[in-house]
Structures are given as structure tokens and as C-alpha cells.
Amino acid sequence: MDAPDDESPDEPLPETANALTAPAQAIAPPPPDGAARATQQALAATFRAVLVSAAVLSVLAALAFDLRIGGAVLAGGVLATVNLVLFARLVRAFIGAGGVSASWGVLGALKLVGLFAVVYILVARGGISPLGLAIGYASLPIGIAFATLQKPAPTS
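When we follow this note's numbering, the leftmost residue of the sequence shown carries the number 1250, and every step to the right adds one.
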């Protein structure tokens, strides 16, 4: 938008314009640039690939064994996906902080302890098959591999 000829483009906006746009800027994050958008799309594709591989593995396990094993595989796949989402957020926050804070290491350790606690609760108290849970958790590397294979080749 060009400024009219009678106004100088170097003049500051009136205070009312700043007061009206400030709440919107506080609520909505700034639009991501091209690299950030590509990273978000790649992460979303990876999350979907992990979930799809968990669903496929759980259906195969239910057909090959029984519904109890299929449910355990699905639980492992969901656990793997949630772990990946939390890990991605932790890394994004670490990089955003410049990678200098030791507290991110503590948060990563807490995430790992939380993962072990959930696995313990599912296996010991929930009666989930450890083998099914492990097979479901294998959807994490499988989904990451498929998401990587679907990524378009970089152009030079």
C-alpha cells in the first residue's frame, strides 16, 4: 500500500492504529518464513507417517495374532507419536533459545523418565503386551523412514 502524496512515508502511524493491532499481534504468531513453513510441513508429514504406520502395524498384528496384541501395537504407536511430538517441541524450544540453556537437558531427561513411567504403567498395571508395545513403538523409525522417502529431492 502506497502512501498518498501529501503524507510522508516516514511518519509514524497514529497511536490508535498501534493500539488496535497490538492485541492481534499478541494472539497470532507471526507468519512463518519459507524455511520454517517447510520444516512445519515436514514435521506434520512425519507425524502422519508414524501414525499411519502404527495403524497398519496394529491391523496386521490384530489379523496375525488377536485384538489384544493389535491394541498393544496401537498403544505403542500412539506412544511413539506423542514422544516424537514432544521431542520436536523440545528441540524447537532449545534451538529458539540459542541452545545455551542447561534446563533443556533436564526437560529432555524428564521426558525420558515420563516415557519410561508410561510404559511401566501400561505394561505392569494396564496389562498391555510388552511385545505388542515394542512392535507399535517400531512405527516411529518406520514412519520417519517413509516420511523421508516421500520428501522431494532438493533442487540445485
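Watch out, some of these pointers could steer you wrong.
[What the hints assert, rightly or not] Restricting the straight-line Cα-Cα distance to at most 25 Å, the calculated cross-link-like pairs of lysine to any residue (SDA-like) are:
hint: 1; residue 1: K1360; residue 2: Q1289
hint: 2; residue 1: K1360; residue 2: V1331
hint: 3; residue 1: K1360; residue 2: I1393
hint: 4; residue 1: K1360; residue 2: G1320
hint: 5; residue 1: K1360; residue 2: A1291
hint: 6; residue 1: K1360; residue 2: I1391
hint: 7; residue 1: K1360; residue 2: P1379
hint: 8; residue 1: K1360; residue 2: A1313
hint: 9; residue 1: K1360; residue 2: R1338
hint: 10; residue 1: K1360; residue 2: I1370
hint: 11; residue 1: K1360; residue 2: R1341
hint: 12; residue 1: K1360; residue 2: V1334
hint: 13; residue 1: K1360; residue 2: L1300
hint: 14; residue 1: K1360; residue 2: A1396
hint: 15; residue 1: K1360; residue 2: A1383
hint: 16; residue 1: K1360; residue 2: G1375
hint: 17; residue 1: K1360; residue 2: F1296
hint: 18; residue 1: K1360; residue 2: G1345
Derived by calculation from the structure, the hints in this document are not laboratory data.
Now the hints, each set against the structure:
In summary, the hint linking K1360 to Q1289 is supported, as the alpha carbons are separated by about 22 Å, within the 25 Å threshold. Pair hint K1360 plus V1331 holds up; C-alpha atoms about 11 Å apart against a cutoff of 25 Å. Using a Cα cut-off of 25 Å, the hinted pair K1360 and I1393 holds, with the two alpha carbons roughly 20 Å apart. Note on K1360 and G1320: the hinted pairing holds, with a Cα-Cα distance of about 24 Å set against a maximum of 25 Å.
For the proposed pair K1360 and A1291, the alpha carbon gap of about 23 Å is at most 25 Å, so the pair holds. Taking the CA atoms of K1360 and I1391, the gap is about 22 Å. The hint holds against a cut of 25 Å. Pair hint K1360 plus P1379 holds up; C-alpha atoms about 20 Å apart against a cutoff of 25 Å. Among the hinted pairs, K1360 with A1313 is inconsistent with the structure: their alpha-carbon atoms are about 33 Å apart, more than 25 Å.
Of the supplied pair hints, the one linking K1360 and R1338 holds, its CA atoms being roughly 11 Å apart against a limit of 25 Å. Taking the CA atoms of K1360 and I1370, the gap is near 15 Å; set against the 25 Å cutoff, the hint holds. Between the alpha carbons of K1360 and R1341 the distance comes to roughly 15 Å, so the proposed pair stays at or under 25 Å and holds. Our distance criterion of 25 Å between C-alpha atoms is met by K1360 and V1334, whose separation comes to about 11 Å.
Taking the CA atoms of K1360 and L1300, the gap is about 20 Å. The hint holds against a cut of 25 Å. The straight-line distance between the Cα atoms of K1360 and A1396 is roughly 24 Å, inside the 25 Å bound, and the hint therefore holds. At most 25 Å may separate the alpha-carbon atoms for a hinted pair to count; K1360 and A1383 meet this at roughly 18 Å. Between K1360 and G1375 the alpha-carbon distance is near 21 Å, which keeps this suggested pair within the 25 Å criterion.
Under the criterion of a C-alpha separation no larger than 25 Å, the hint pairing K1360 with F1296 is consistent with the structure, at around 18 Å. Among the hinted pairs, K1360 with G1345 is consistent with the structure: their alpha-carbon atoms are about 19 Å apart, no more than 25 Å.
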